[in-house]
Amino acid sequence: MTAAVELAGVHKRYPSGAVALDGLSLSVDEGRVLVLLGTSGSGKTTALKTVNRLVEADGGSIVVLGRPLDSWDPIELRRRTGYVIQEAGLIPHFSVERNVALVPELLGWPLARRVARSRELLALVGLDPARFAPLRPAQLSGGERQRVGIARALAADPPLLLMDEPFGALDPLTRHRLQDEFRGLQSKLGKTVLLVTHDVPEAFRLGDEVAVMDRGRVLQRGTPAQVRDSPLPGFVADFIAAARP
Amino acid sequence: MLRFLAERRSELLLLTGQHVLLVLVSAGIAVAIGVPLGLALARRPRLARPVLALANLAQTIPSLALFGFLIPVPFIGGIGVRTAIVALVLYSLLPILRNTVTGIQQVDPAVLEAATGMGMTPRQRLRLVELPLALPVILAGVRVAAVVSVGTATIAAAIGAGGLGTYVFRGLATVDTRLILAGAIPAALLALTADALLGAVQKSSRPGRAVVMLAALAAAAVGIALLARSPGGARPVVIGSKNFTEQVILGEILGARLEALGFAVDRRLNLGGTTLCHAAVREGQIDAYVEYSGTALTDILKRPVSPDPAAVLRVVREGYAPLGLRAGSPLGFNNSYALVMRRADADGRGIRRISDLVRYAATLRVGLFGEFLEREDGMPGLLRAYGLRFGVPPREMDLGLLYQALADGKVDLVVGSATDGLIAAMDLVVLADDRHYFPPYDALPVMNEDSLRRHAGLLEALESLAGRIDEKAMRRMNYAVDGEHRRPADVAREFLSGAGLLSR
Numbered sequence: 000m001t002a003a004v005e006l007a008g009v010h011k012r013y014p015s016g017a018v019a020l021d022g023l024s025l026s027v028d029e030g031r032v033l034v035l036l037g038t039s040g041s042g043k044t045t046a047l048k049t050v051n052r053l054v055e056a057d058g059g060s061i062v063v064l065g066r067p068l069d070s071w072d073p074i075e076l077r078r079r080t081g082y083v084i085q086e087a088g089l090i091p092h093f094s095v096e097r098n099v100a101l102v103p104e105l106l107g108w109p110l111a112r113r114v115a116r117s118r119e120l121l122a123l124v125g126l127d128p129a130r131f132a133p134l135r136p137a138q139l140s141g142g143e144r145q146r147v148g149i150a151r152a153l154a155a156d157p158p159l160l161l162m163d164e165p166f167g168a169l170d171p172l173t174r175h176r177l178q179d180e181f182r183g184l185q186s187k188l189g190k191t192v193l194l195v196t197h198d199v200p201e202a203f204r205l206g207d208e209v210a211v212m213d214r215g216r217v218l219q220r221g222t223p224a225q226v227r228d229s230p231l232p233g234f235v236a237d238f239i240a241a242a243r244p
Numbered sequence: 000m001l002r003f004l005a006e007r008r009s010e011l012l013l014l015t016g017q018h019v020l021l022v023l024v025s026a027g028i029a030v031a032i033g034v035p036l037g038l039a040l041a042r043r044p045r046l047a048r049p050v051l052a053l054a055n056l057a058q059t060i061p062s063l064a065l066f067g068f069l070i071p072v073p074f075i076g077g078i079g080v081r082t083a084i085v086a087l088v089l090y091s092l093l094p095i096l097r098n099t100v101t102g103i104q105q106v107d108p109a110v111l112e113a114a115t116g117m118g119m120t121p122r123q124r125l126r127l128v129e130l131p132l133a134l135p136v137i138l139a140g141v142r143v144a145a146v147v148s149v150g151t152a153t154i155a156a157a158i159g160a161g162g163l164g165t166y167v168f169r170g171l172a173t174v175d176t177r178l179i180l181a182g183a184i185p186a187a188l189l190a191l192t193a194d195a196l197l198g199a200v201q202k203s204s205r206p207g208r209a210v211v212m213l214a215a216l217a218a219a220a221v222g223i224a225l226l227a228r229s230p231g232g233a234r235p236v237v238i239g240s241k242n243f244t245e246q247v248i249l250g251e252i253l254g255a256r257l258e259a260l261g262f263a264v265d266r267r268l269n270l271g272g273t274t275l276c277h278a279a280v281r282e283g284q285i286d287a288y289v290e291y292s293g294t295a296l297t298d299i300l301k302r303p304v305s306p307d308p309a310a311v312l313r314v315v316r317e318g319y320a321p322l323g324l325r326a327g328s329p330l331g332f333n334n335s336y337a338l339v340m341r342r343a344d345a346d347g348r349g350i351r352r353i354s355d356l357v358r359y360a361a362t363l364r365v366g367l368f369g370e371f372l373e374r375e376d377g378m379p380g381l382l383r384a385y386g387l388r389f390g391v392p393p394r395e396m397d398l399g400l401l402y403q404a405l406a407d408g409k410v411d412l413v414v415g416s417a418t419d420g421l422i423a424a425m426d427l428v429v430l431a432d433d434r435h436y437f438p439p440y441d442a443l444p445v446m447n448e449d450s451l452r453r454h455a456g457l458l459e460a461l462e463s464l465a466g467r468i469d470e471k472a473m474r475r476m477n478y479a480v481d482g483e484h485r486r487p488a489d490v491a492r493e494f495l496s497g498a499g500l501l502s503r
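Residue numbers (numbering that gives the first Met the number 0), protein chains in the order written: chain A, 0 to 244; chain B, 0 to 503.
Calculated from the structure, these hints are not laboratory results.
Keep in mind that the hints are not guaranteed to be accurate.
[Said to hold, decoys possible] Capping the alpha-carbon separation at 25 Å, the derived lysine to aspartate or glutamate pairs in DMTMM-like fashion look like this:
(1) A/K190 <-> B/E112
(2) B/K409 <-> B/E459
(3) A/K187 <-> A/D213
(4) B/K301 <-> B/E370
(5) B/K301 <-> B/E282
(6) B/K202 <-> A/D207
Nothing here was measured: the structure is a model prediction, and the numbers come from that model.
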């Protein structure tokens, strides 16, 4: 199995002096879901953003979709990568339909194909296209917005999805349902997914593998069962234990 | 009032058109500069602060002063439409600039990051996300700028740029309320219209489309303005005047006399005060205007006061020569300053001379125009010469409003001039200058030497008016305009015709 994303010894220090990544190494195999789990400030979001170059790493090597990061034009790279963020980050003055088909629009697809693709994806994430396509983001509930955000990330059929706390702003019930739907979707689509969360149950539910991060490094990596059943003593064990009901 | 407007319909339409054009052109330029500059500044917050402070500063300069500053500036300055547009652009810039910066900066950073993360180029992000989201705020700035411009554009008439302010200034100069309203009411209506129009665009669900329409409208207006520019040819003689009745009449007299002698004349009358006219004639923006020897001596040349008319004239001529200016022969009247009171007050207290005022000065309310407060031969010297102490600081008002204020009992003493027509018409008393404080104010044409070289016979033409206008004639003409509300041009022609000066 080949790695779709591979970070080796990546460093990042912000102008404020804060060290976000301290020699981070990790890899995500093609078609797998890797969850980066950690507290806020652990560097997990920074790690995610180095992959689509929203954050430029200071050192180390990053390979994405088989090519070293430097060889990617950032614009092209981002259009080949689905990106989902908390609160969805939808463009407020675009209709739902146009939001979903945003990357296809940037790629220059003809309008008819964009509309068809947008409707197809709305249906895929469980939103009735006839009803939702013309609405503005402000007219949607939080859960609906997040579904639109996922549909948008999938629109140009990218091989890689980057998801930053995609369900973080939702009530527990909606969050649970969307997590289930995401699993169903992923079993159909088989994307490579790098997902960031601070929520331990979410990490165990969604990840094929979980990497627990703290202070810019991965402390432990394994299947959800491995991490849950035999967490490394110290930070990992405390963090997992704290999440138990 | 309606008949009054109906009579002036075509002129009113022309002035309104000029006014709209001034505002459209300057707003268009301000948008073209302000929005891109605002976009650039929004990305450089450290630079944004000083630039906005500078724009703020420009905003605080009183408009008449700004017009004054601009007169000697090459290329953008001078008198006329171009300077007015420059000034209006300076005033419009701040709201547009500030709102563009604010509008861009208030866009949700999460939306921006999402847009970048989707693979938008910076240009796409600007066009698809930032500009549309900032548009309502930017439009609010344009709206403020447009409404302010409509108001400020009325002042543009002071530098001969036309517009509805022409009526306002003419009305103020001739104490004609109807004329003031004929300028002020349409200007107010224009401001309301601009506000409503841009407000509708701002609230519209498709502001982008409305903006395109407005831009097309502005472009069309600019196009018309460019087409309507007068074609080149022999330059007419440009006659200026200050902004009070007598000056306007004298401007008309000079103009009509020159026309009678075959010159083409461009009248730029009502050009603000002495400083403005002097700057304009020095720069050759106007070829000639009528100045008063005492004003030239003390106010322009900063020489000490002298009571001898011949000596004053000599000093003025010597002082003007190095400035490239020629002082012509006196027209025949001395328009000295005059301290004027209501007859009942003066008679009741036995006040005949300025020195009689000393006993009453503490209780008198004085009205005067701003220039007099500042001038070397004005208020400070007057107080010293007569040992006067007024109890209340003098109230500054427009020349045209002084006599109305005196008649209405708002003030008790005004500083006017000896030829003011309203002195006779309102039965007012001029106090004698018993200590000969005021220098002679002989009216005389001041001409630009370059203009005299360019227009053969101009000097002789203006000299033909030497000694032809006495105080009585001047006062009568002033009253015909101030009191009888006749047009200065008609009054001037009537005088010239009576004096046999309407023919060669």
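Structure-based check of each hint:
| no. | hint | result |
| --- | --- | --- |
| 1 | A/K190 <-> B/E112 | holds (23 Å) |
| 2 | B/K409 <-> B/E459 | violated (46 Å) |
| 3 | A/K187 <-> A/D213 | violated (32 Å) |
| 4 | B/K301 <-> B/E370 | holds (14 Å) |
| 5 | B/K301 <-> B/E282 | holds (19 Å) |
| 6 | B/K202 <-> A/D207 | violated (50 Å) |
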